[in-house]
Amino acid sequence: MAVAQGLTDPDYCLPYLLEQSKKIYHELEKSHRELQISHNELEQAQRHIFRTEKLASIGQLAAGVAHEINNPLGTITIYAHLLQKGMEADDPRREDISLIISEASRAKEIVQGLLSFARETKLRTGPMNVNDILVDVLGLVVNQPLFHNITTKQDLHEGLPTIVADEAQIKQVFLNIILNAAQAMEGNGELTITTTQEENEIRVKIADTGPGIPPEIMDKLFNPFFTTKEKGTGLGLAIVYGIIERHQGRVDVETELGKGSAFILSLPISTEEAHNDMELTRVPDQNTTLTGRGNHGQKTKNSAC
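The working numbering applies: residue 0 is where the sequence shown begins, and numbers increase by one.
A few of these clues could be false.
[Claimed, not checked] Below 25 Å or equal to it, Euclidean Cα-Cα: the simulated DSS-like pairs (lysine-lysine) are: (1) Lys121 to Lys152; (2) Lys204 to Lys152; (3) Lys152 to Lys170; (4) Lys29 to Lys84; (5) Lys170 to Lys84.
[Said to hold, decoys possible] Computed spacing ranges between beta-carbons, pair by pair: (6) Glu200 to Arg32: 36 to 42 Å; (7) Asn70 to Gly257: 45 to 51 Å; (8) Ser20 to Lys258: 42 to 48 Å; (9) Gly186 to Asn70: 43 to 49 Å; (10) Arg32 to Gln182: 52 to 58 Å; (11) Asn199 to Leu81: 38 to 44 Å; (12) His80 to Glu189: 42 to 48 Å; (13) Lys228 to Arg93: 28 to 34 Å; (14) Phe224 to Ser37: 31 to 37 Å; (15) Leu41 to Asp131: 37 to 43 Å; (16) Glu200 to Val134: 16 to 22 Å; (17) Phe224 to Glu42: 43 to 49 Å.
Since the hints were made in silico from the structure, they are not lab data.
All residues carry an ideal CB built from backbone N, CA and C; glycine is no exception.
Work the whole structure out from these sequences, hints included.
Pasting the structure below:
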């Protein structure tokens, strides 16, 4: 009433001041959220730079070491076979020579993994259908003993457009993740493979019913040589990471302890521009992220870079 009669300044009216305070509060709250988002993005960018530099150095070292080790390993294997060939069938030393050959072969596999991780060769790209590649890879593994007690479900979206990719490398990606899932389930569980088209990319989701991934190792998941397996080399997922990045794609991981994990691969749909612009780099892309659910089902998102 006082304001209406001109007896007081509306700026000093209590309801008016309260309304203005609310507006200011909401604006500050919005600014705080935007600042928090910017801060998180900056932290992710810093982690990406650090990880990129680290993996680039590791890749160069790995390639050099692999080439230096490869030739001596070949020599060891050849001479071990020659020694064994010249021994009597009941010679007790045959067992020792067999061990040398076996360990040399294992070392050679590690070297091949190093070379795959550090690969800087030109991609042999061409049009390919993701569904066809998945079916081929499943055909390679389903008869292995590890998969005898695993139920495989496929939900492959019909009519997926082609992508421009290196078929051999994409096969390697699918194979590594599927084998990783089977090992996580210890040969007993359910493997679900889903393909979808999302705007300008194709997504492949490979989900298992294993124990899930502990939060403390999520950030290390794609690090070369990191493994929780007794006999693992720790290169399988690192190779996946590098190949998908070279194809301008993205890797996401969803996990929940006690329920399982899912790897989601996103690959760009074929365009001439994308094919021409494909970089021949090896280190991870800043868009690669890990998404995890902790013990309480709370979803958290961490940069894998």
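Here is how each hint holds up against the structure:
1. Restraint check for Lys121 and Lys152: the C-alpha separation of about 34 Å exceeds 25 Å, so the hint is violated.
2. As the CA atoms of Lys204 and Lys152 are separated by approximately 12 Å, the hinted pair is consistent with the 25 Å bound.
3. Restraint check: the Cα-Cα separation between Lys152 and Lys170 comes to about 18 Å, which is no more than 25 Å; the hinted pair holds.
4. As the CA atoms of Lys29 and Lys84 are separated by approximately 77 Å, the hinted pair breaks the 25 Å bound.
5. A distance of roughly 37 Å separates the Cα atoms of Lys170 and Lys84; the hinted pair therefore is violated under the 25 Å criterion.
6. The hinted range of 36 to 42 Å is not satisfied by Glu200 and Arg32, whose Cβ atoms lie roughly 28 Å apart.
7. Between Asn70 and Gly257 the Cβ separation comes to about 47 Å, which falls inside the hinted range of 45 to 51 Å.
8. Between Ser20 and Lys258, the C-beta spacing of about 46 Å keeps the proposed range 42 to 48 Å intact.
9. Distance hint check: the CB atoms of Gly186 and Asn70 are about 37 Å apart, inconsistent with the given range 43 to 49 Å.
10. Remark: the range hint 52 to 58 Å for Arg32 to Gln182 is contradicted by a beta-carbon distance near 41 Å.
11. For Asn199 and Leu81, the hinted distance range of 38 to 44 Å is not satisfied, since their beta carbons lie about 57 Å from each other.
12. Checked against the hint of 42 to 48 Å, the C-beta distance between His80 and Glu189 comes to roughly 43 Å, which is consistent with it.
13. At roughly 30 Å, the beta carbons of Lys228 and Arg93 sit within the given window of 28 to 34 Å.
14. Separation of Phe224 from Ser37 is about 34 Å and conforms to the stated range, judged on CB atoms against 31 to 37 Å.
15. A hinted range of 37 to 43 Å for the beta carbons of Leu41 and Asp131 is consistent with their spacing of about 42 Å.
16. Glu200 and Val134 have their C-beta atoms about 20 Å apart, which keeps the hinted 16 to 22 Å range intact.
17. Take Phe224 and Glu42: their Cβ atoms lie about 25 Å apart, and the range 43 to 49 Å is violated.
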